[in-house]
Amino acid sequence: MTSAIVVSGLHKSYGSTHALDGLDLEVATGEVHGFLGPNGAGKSTTIRVLLGLLRGDAGDVSLLGGDPWGDAAKLHRRLAYVPGDVNLWPNLTGGEVIDLLGRLRGGLDEKKRDELLRRFDLDPTKKGRTYSKGNRQKVALVAALASDVELLILDEPTSGLDPLMEEVFRQCIEEERQRDRTVLLSSHILSEVEALCDRISIIRRGKVVETGTLADLRHLTRTSIHAELAGSPNGLAQLPGIHDLDVQGNRVRLEVDTAQLEAVMRQLSASGITSLVAQPPTLEELFLRHYEDDVPAQDSQEPEAAVR
Amino acid sequence: MNDFVGTGTLVRLALRRDRILIPIWIVVFVMTAAGSAKATMDLYTDPKALVDAARTSNASPALVSLYGRIFDESSLGEVSLFKLTAFGALLVALLGGMLVVRHTRSEEESGRLELLSAGVLGRYAALTSALIVSGATVIVLGLLTALSLMGSGLDTKGSFAFGLMWAAAGLSFAGVAAVTSQVTESARAANGLTAVVLGMAYVLRAIGDSSADGSTQWVSWLSPIGWSQQVRAYAGDRWAVLLVPLVFLAVLIAAATALIGRRDLGAGLVRPRPGPPRAAKSLRSPLALAWRLHRGSLLAWGFAFLLLGLLVGNIASNVDGFVTSDSAKEMVQKLGGVEGITDAFLATEMGMVGLLASAFGIQAALRLRSEETALRAEPLLATGVSRAQWLASHVLMALLGTGVLILVAGLGSGISSGASLGNVGRQVPRMLAAAAVQLPAIWLVTALVVILFGFAPKLVTGGWALYGVFLLIGQFGEIFNLPQWMINLSPYGHTPRLPGGDFSVAPVLWLTAIAAALTITGFATFRRRDIG
Ligand SMILES: Nc1ncnc2c1ncn2[C@@H]1O[C@H](COP(=O)(O)OP(=O)(O)O)[C@@H](O)[C@H]1O
Ligand SMILES: [Mg+2]
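From first to last, the protein sequence lines stand for chains A and B. Each residue of the first sequence is one higher than the one before, counting from 1 in my numbering. Each residue of the second sequence is one higher than the one before, counting from 1 in my numbering.
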């Protein structure tokens, strides 16, 4: 399997801010790769280096087999990019921008352009200055998805879309996967990456701290459960993979490693469930946990240490 | 009263944002006025020399159309400051207008005002606060100027008349900007529209002042800059004239307030219409996009330059009307007869047109930076467009655009001066040549922006500062007795004076070579730096 993107040991500073601190990233050809990290982690910076807009201070970067700094214009014909902040020219219509960007990349699929406009419910006759953030993002998305390219680089493309459009976006990416296009999708929303990506790299403070398929990363994800039972719960504390157990009468709060979910549910229903709320972990929780696994010595700061 | 809630907060916010900018502007104006008064006073210790200088100036159509007439040829104050009367009022007006746009339309465009409005802000709060900040700035500027002029030894009444007529020009255009900010949707357009009105005001007063037989003097009264001149500081101090700009301001404020009532936040008065759903076949290269982005402003400037050229050529043909007294006639003979004096006038005016065209070059080149910071360069540079292609697209617009402008002005002045002198066939090529020789200096100044953009993008607006320095050197270098090497720093000083003057190739080639070297270095440095 060849790699569309290979980054190793990448460093990049803005003055005194060390935005990238030895970042490694590998995206295989044909996969949808999630690039997950909180705001300010360095996702956009990495992408800008990949596009040859920024020059890394140290490290090796290879994009579609070439050097993104030296061969920028040539490589760019083979990819499409959707920036995190899309700004359009105030006097150009959305339709004009889609055509222009497509032509500058080397061509648009006309049928797909029309279809995408319809699916994203985008009016191409409006001037750039009158579009909302979400609509500006749709313009960039349509231009990218309708381009005939090998690689899509999308920087938090759904940050301005409403839930309905997010769903359309997910379908589009699903179709791209079936067409074997390579996609690098940056996001700070765990559920989005979970739903779409073959593999995930998690970035934190300029470093990739974890990378692998979703199954590989299962150990990172916990579900938090909030249940009211008919009788008093028993045997929960003996089960493996349970954290932050808090029992008050018939009420139970706990967190469970996703792999152990089934055993816990069975135990709970043995006591009779009257109400249940289960939540996937937020990204912040995931990081907190990751950090804790990484540096167990710091457990004294973690409230859950006492429970264990 | 609710409509004004939050005005005080906005005023404090604006003053905080501009706490460096406003004092610097004020100091520059005060120092320039006082410095130029002091320098001229040292020059004319003899009253006779003063009157002679004033007569020469009034007899020179170039000076009269540029700066205006001297009403009292024996007034030390007026002769010292006549170059700063209309011209200074123009600059104060620019300041007054820009401050209003900066704190109304710019804020609204960037969405900051929306944040504020979501809280508790009356709908007139932004405009009121901008007018307060702008008004207070120009009034303080005027009063401090008056004090500094008194300090350099001029009489009290005249000094206050001078300072207040400057402030009045600032207030007039604060009012103009209040209206343009409501009509347009972008700060760029609001500033542009204000500048057009300002340009028209300056041209109207030039027409009035240049009226040799007095038949068109009334035209000056159509211009806020003309009102400032008509205060006649140090030459009668007509205080009542100051009421005219105040009434003008009141009318404009009323108009702006009425407009606010009729529109939504963020929108202009002119509703945007839908455009084409597909791009034209030709919109397929960075150059085509650059043309699309610059063409509106280039067309507007081109039209203005054509009018300016026609006007200048027309005034030139009236030159002999100025020469009435015997002593003036004698002087004209010394200067090379009527043709000599006409040519001298045209050469001076072409120099001014060159300065104006440079402003287009600078703002067109600055577009590079605004495209970059607005994140509109990034998506283009992430396509097959190379950095050099993208940079070249805007640089070409700046360089060719200035070329078109100056040639259009040359053509206009050639046609109108030729038509009234009866030799179009001769005047047109002469004026085109006079226009063309301005280009190397214009390109050099534009190239300074390009190299700054490549090398130190954060300092790119320093292009305006350098331009301002060159302007000041040209206008006041000799009055201030600057050393020759400093005067030589301004590229405009090396432009051959055509028509009529000697043409030498060397300075033209030098200026062009330096402009080319700066541009090439700009390209090389831009390819090596980070975008963003
Ligand atoms: N142009 C810049 N100048 C200075 N610091 C920057 C710049 N761009 C990003 N940073 C900083 O670099 C870090 C990484 O930012 P970024 O790559 O934008 O993160 P992300 O896209 O993951 O939110 C942040 O701390 C951010 O503040
Ligand atoms: Mg980002």
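Bear in mind the hints are in silico, worked out from the structure with no lab data behind them. Quick reminder that beta carbons are idealized off the backbone N, C-alpha and C, glycines included. Any given hint might turn out to be false.
Derived DEER-like restraints, expressed as beta-carbon distance ranges [to be verified]: (1) A/S13 / B/N488: 23 to 31 angstroms; (2) A/D123 / B/L396: 27 to 35 angstroms; (3) A/D114 / B/S282: 18 to 26 angstroms; (4) B/Q389 / A/G59: 25 to 33 angstroms; (5) A/D180 / B/L15: 28 to 36 angstroms; (6) A/D114 / B/A374: 50 to 58 angstroms; (7) B/G296 / A/R118: 29 to 37 angstroms.
Over the 10 angstroms line for every Cβ pair with chain B, so calculated as not near, a few chain A residues [unchecked claim]: (8) L51; (9) H76; (10) R179; (11) E262.
Here's how the hints hold up against the structure:
no. : hint                                : verdict
1   : A/S13 / B/N488: 23 to 31 angstroms  : violated, 42 angstroms
2   : A/D123 / B/L396: 27 to 35 angstroms : holds, 33 angstroms
3   : A/D114 / B/S282: 18 to 26 angstroms : holds, 22 angstroms
4   : B/Q389 / A/G59: 25 to 33 angstroms  : holds, 28 angstroms
5   : A/D180 / B/L15: 28 to 36 angstroms  : violated, 60 angstroms
6   : A/D114 / B/A374: 50 to 58 angstroms : violated, 29 angstroms
7   : B/G296 / A/R118: 29 to 37 angstroms : holds, 32 angstroms
8   : L51                                 : violated, 5 angstroms
9   : H76                                 : violated, 5 angstroms
10  : R179                                : holds, 21 angstroms
11  : E262                                : holds, 46 angstroms
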